[in-house]
Amino acid sequence: MPPDSPPAALPAPDLPTISAPTPPGLLELFVAFAKMSLAGFGGVLVWARRSIVDQNRWMTADEFNETFALCHFLPGPNIVNLSVVFGSRFRGIPGGIAAFAGLVGPPVVIVTILAALYARYGEIDALRRILAGVSCVAVGLLLAVVLRMMMPLIVKRDLVGLLILAAVFVAIGLLRLPLPAVLLVAIPLSIAITLIVRRRMTA
Amino acid sequence: MNSDPNPIWTLAWTFGLMSLFAVGGANSAIPEMHRVAVDVHHWMTDKQFADVFAISQMSPGPNVLIVTLIGYSVAGVAGALVATLAMCGPTAVVAYYVSRLLARSTRSRWPAIIQAALVPLSIGLMGASGLILALTSDRTWPAALVTIAAAVLAFATRLNPLWMLLAGGCLGFAGVIG
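Residue numbers (the working numbering), protein chains in the order written: chain Y, 386 to 588; chain U, 644 to 821.
If you are wondering where the hints come from, they were derived from the structure by calculation, not from laboratory data. Just to be clear, a hint being listed does not mean it is correct.
For each label pair, taking beta carbons as the anchor points, the in silico distance ranges come out as [stated by the list, open to error]:
no., chain 1, residue 1, chain 2, residue 2, range
1, Y, 541, U, 649, 22 to 28 angstroms
2, Y, 454, U, 721, 34 to 40 angstroms
3, Y, 544, U, 682, 48 to 54 angstroms
4, Y, 479, U, 652, 27 to 33 angstroms
5, U, 817, Y, 495, 48 to 54 angstroms
6, Y, 431, U, 818, 29 to 35 angstroms
7, Y, 540, U, 721, 44 to 50 angstroms
8, Y, 440, U, 753, 29 to 35 angstroms
Just a few of them, taken from the derived set where beta-carbon distance is under 8 angstroms, the chain Y residues facing chain U [unchecked claim]:
no., residue
9, 423
10, 424
11, 446
12, 456
13, 466
14, 469
15, 481
16, 503
17, 504
18, 507
19, 509
20, 519
21, 529
22, 557
23, 558
24, 579
Stretch-level coverage of chain U by chain Y, calculated; a stretch enters the list once three of its residues show a Cβ under 8 angstroms from a Cβ in chain Y [claimed, not checked]:
no., region
25, 707-720
26, 737-745
27, 768-777
28, 791-797
Virtual Cβ for every residue (Gly too), placed ideally from N, Cα, C.
Full structure from sequences and hints, please.
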């Protein structure tokens, strides 16, 4: 699909509105996603943005945000969704597969090698100690992401959102209920509450 | 180690199903992975799960590759590939069709509403991930302190996470974590 979507009526003066000089080919898609994936320690999103928007100009910043928002509300690993949506937008299904293969293929090889090493040497005391230290930090990093994501809700004093957040936290983290069951209740409930709150705000 | 006659098949349907429920990305599915891998199927111990999480965070690539490691520990290379494809495949197909559907009707307000409704859910899930992982890896006070320090540093600064992971490895090697 060519990126000449309708809202081109208002050209923003400062932003680069022309996104793709030339749409990427299959090999280019594979290589670009392989590169950002291999650079992405602890998360690929930053690198995906840098590659797609800044370096290759395949999308404008707005287009990228919209595409990522879509991938964020879909289930599954966001960045995997992004690769498929992005690749198929330029080159159809083969493009989606090329981007997906680039994103997942090379790191899977690396991780599989690490897994084999762990299976073989995981019981060595020095390695166990190192991994224990790394996992403590990794948990801290995850907690920081959670805090960062919570900030907008706290700033907005979104009590309803915080209440839903706390309910899910208790159900999964403390009660250890199965995820599908919790989500089958929580998703419709949360959508209904969001709709009611928005109606009240507009009314 | 486990009595499952066909672990590959179990991996495929377990992660295939999980991929469709993983709202908010791989990190919010961690409690479910922990429940399935440690409590339900006894594929690994608590400690091994914490190790696998640490390895996945140190490795390049999307965080979802923790399933590759779980798959490997269950059924070797085949298990690693099946778990990865099962966790990424179904949701990739869904993403493809939904994006094509939305490309035709971008004016709909439903995506925005669904997204707003899902944000608190996915943060709650990630918080639960943090709690479960903290309980499995922080079994001593120094360990808990390292976690808190990393959380504060990552929240307040833009320090590259890789340096913090390295520092954690050094502290662990030095025997500080205990």
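Of the numbered hints stated previously, which ones are contradicted by the structure, given in increasing order? 1, 3, 5, 11, 19
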